Amino acid sequence: MGMPEADPAQTRDGVPSSRLPSLTRATTHEGGSRVLDLIGRARRGDVAAFEQLVEPQLPRLYRLATAMVGPEEARDVTQETLVSAWRELHRLERADRLESWLRSILLNRARNVLRTRKRHPAVTFDPIFGHGADLFEEPISGLHGRWAVEDALALLRPDERAVIVLHYLADLTLRQVAETLSIREGTAKSRLHAGLRVLRRHFAEEPA
Amino acid sequence: MNQSQLRGDLPEPVRRYFLEVAQMHPPADLLDTAMAEIERTPRANRFAALPILGFAATAAAVIGLLVYTLMTPAVPDIGEEPDPSPSASERASSPAPVPIATLPPLESLPSAGSIVATYDVGTAGVPVLYAHGSLWLSNAETGALTRMDPDTGVLGASVEVNPNPETTRYDLNAVADDRWVWATGIDDTIVKIDPQTNEIVERIDVGTMAYRLVLHEGQVWITDLDQGGHLIALDTTTGKVVVDELHAFWPAALAVTGTDVWMAPYQDARLHRIDPATGQSFETFPVWSNSMQIAPLGDSLYITGNQERPLERFSLVDGAVVARMPEMNVAVDGGRLFGIRYDGTIMELDPATLQPRSALVLEGGETAFGVFAGGRLYIAQGEGEVRIVVFDPVD
Numbered sequence: 027m028g029m030p031e032a033d034p035a036q037t038r039d040g041v042p043s044s045r046l047p048s049l050t051r052a053t054t055h056e057g058g059s060r061v062l063d064l065i066g067r068a069r070r071g072d073v074a075a076f077e078q079l080v081e082p083q084l085p086r087l088y089r090l091a092t093a094m095v096g097p098e099e100a101r102d103v104t105q106e107t108l109v110s111a112w113r114e115l116h117r118l119e120r121a122d123r124l125e126s127w128l129r130s131i132l133l134n135r136a137r138n139v140l141r142t143r144k145r146h147p148a149v150t151f152d153p154i155f156g157h158g159a160d161l162f163e164e165p166i167s168g169l170h171g172r173w174a175v176e177d178a179l180a181l182l183r184p185d186e187r188a189v190i191v192l193h194y195l196a197d198l199t200l201r202q203v204a205e206t207l208s209i210r211e212g213t214a215k216s217r218l219h220a221g222l223r224v225l226r227r228h229f230a231e232e233p234a
Numbered sequence: 011m012n013q014s015q016l017r018g019d020l021p022e023p024v025r026r027y028f029l030e031v032a033q034m035h036p037p038a039d040l041l042d043t044a045m046a047e048i049e050r051t052p053r054a055n056r057f058a059a060l061p062i063l064g065f066a067a068t069a070a071a072v073i074g075l076l077v078y079t080l081m082t083p084a085v086p087d088i089g090e091e092p093d094p095s096p097s098a099s100e101r102a103s104s105p106a107p108v109p110i111a112t113l114p115p116l117e118s119l120p121s122a123g124s125i126v127a128t129y130d131v132g133t134a135g136v137p138v139l140y141a142h143g144s145l146w147l148s149n150a151e152t153g154a155l156t157r158m159d160p161d162t163g164v165l166g167a168s169v170e171v172n173p174n175p176e177t178t179r180y181d182l183n184a185v186a187d188d189r190w191v192w193a194t195g196i197d198d199t200i201v202k203i204d205p206q207t208n209e210i211v212e213r214i215d216v217g218t219m220a221y222r223l224v225l226h227e228g229q230v231w232i233t234d235l236d237q238g239g240h241l242i243a244l245d246t247t248t249g250k251v252v253v254d255e256l257h258a259f260w261p262a263a264l265a266v267t268g269t270d271v272w273m274a275p276y277q278d279a280r281l282h283r284i285d286p287a288t289g290q291s292f293e294t295f296p297v298w299s300n301s302m303q304i305a306p307l308g309d310s311l312y313i314t315g316n317q318e319r320p321l322e323r324f325s326l327v328d329g330a331v332v333a334r335m336p337e338m339n340v341a342v343d344g345g346r347l348f349g350i351r352y353d354g355t356i357m358e359l360d361p362a363t364l365q366p367r368s369a370l371v372l373e374g375g376e377t378a379f380g381v382f383a384g385g386r387l388y389i390a391q392g393e394g395e396v397r398i399v400v401f402d403p404v405d
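First to last, the sequence lines map onto chains A and B.
As numbered in my numbering, residues 27 to 234 make up the first sequence, in order.
As numbered in my numbering, residues 11 to 405 make up the second sequence, in order.
Derived from the structure by calculation, the hints contain no laboratory data.
Given the structure is predicted, the values throughout are model-derived calculations rather than measurements.
For glycine and all other residues, C-beta sits at the position ideal for the given N, C-alpha and C.
Take the hints with a grain of salt, since some may be wrong.
According to the in silico footprint, chain A covers these stretches of chain B (three or more CB under 8 Å from chain A) [to be verified]:
1. 25-33
2. 38-44
If we take Cβ atoms under 8 Å as the criterion, some of the chain B residues that face chain A in the derived model are [said to hold, decoys possible]:
3. D254
4. L326
5. V327
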């Protein structure tokens, strides 16, 4: 039976604690020494080193933010992510996880935005522009097409949206998605399916 | 982007939208703006600068040989003693190492009290809460919270908090305010239970699987252990998440004193003083790693855990750990501190020194921690089939 003070290290997924990955071990890869050097300098207050550290990550972070909260707020979320990363850099546990660490911060910020955001009124399309697939004969970045997709994405729970964005936009496997969100792979899979169901239903219900 | 996956799964409009997003570039001035903001932003905890420079040099050398390199963060391995050096805390200046005291021979101590009743509760669980006239027994495996009359031991209503037995979880914990009982649910929820009807009135999405709960000024504060490092505050009136801050090393133990929130991660050897407005740490103190629970009493926090983590007394006045005893759980009541060891020993402890004043050894199996109700301590004993032992301490 589950005692309230059960040993988490012993019971975690049934894996003995001795086999759990150690937080005190990190591997580096090519370029790792430069990253380590930049992290070390940034931790000691070197802003220029921090800039060099995060600059290569910026496009991916911005795209992730755009897909999570939409282009209007993507800039703010990305900027807040960088500021938070600067403040909390000492919490980065492994240098080879910089990208996933930044991604986690951004997703956390984005989910907070989604939770607190008042659902904007559903966009009512003028019939002159048509609906559904017809909308997308214009570039998706066109206002109406974009609104339609963002309305659909807004129907998702923040965690479902994060799974879908990480899987399809960031091209992560479900295992990687699960690791990024610190959830089980099965949970990631169920959120993916739930999110896809919502999206498909939304677009299937659009008038032809 | 994985084009084949996109074609198969995503609705076409979403697929096209993501393809366009994947081609986007950040605004040209975004990095400059962010860096200007960063220039004005103070660091949260400069104390925690890792000894990374040395490892950078090491890494450079080792990568030159095309092999893996080790990096050592400034946290001890699980079960290690905290680093008492000045760099480990901004406030505690070179605290003297506090040894783990040795327990005296128990037979030399007076009796701590007597056993006044025992109740076989089967698989109903172990006591985690006394509220609304009941002891609330928790069984994380069945996912049920079951009420027990503390006077008669009669079991009452059972609330199915976690109906999915497949869901792996460590604990099923609960706290209560004047109106509701709040419990750690499944699927990233906190469950709000009406103790008048024993019905779940709401499952609130908090975005992570909760581990430990405490109440603080109309909010439920939540840690999630290894589920992502969230420290969350939930407004009990609105049911909205008002704080969600990421912390490293598995936020676990949690407590409130006055207006302060305290959190100790399981994998870290630090105690964090948390800003309740933001969830961010603004002060840290070295403690032992493997923290799982914090019990406030007077001007002290009593920190417990597992893996032979010692019981620690953290003095709020001194801002440092001032006493340590071998691993045990604690329960507090009316200004008194009791220690409960897994071997069945119950001790009243001196709140200042942690030295046992009296003791009683229970027979009949392993004990878990206990909950006070009406001046008596209810302790779970046994594995599988649980017996609740009612301990009446000597006045």
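Going down the list of hints, with the structure as the test:
| no. | hint | verdict |
| --- | --- | --- |
| 1 | 25-33 | holds (count 8) |
| 2 | 38-44 | holds (count 4) |
| 3 | D254 | 6 Å, holds |
| 4 | L326 | 24 Å, violated |
| 5 | V327 | 27 Å, violated |
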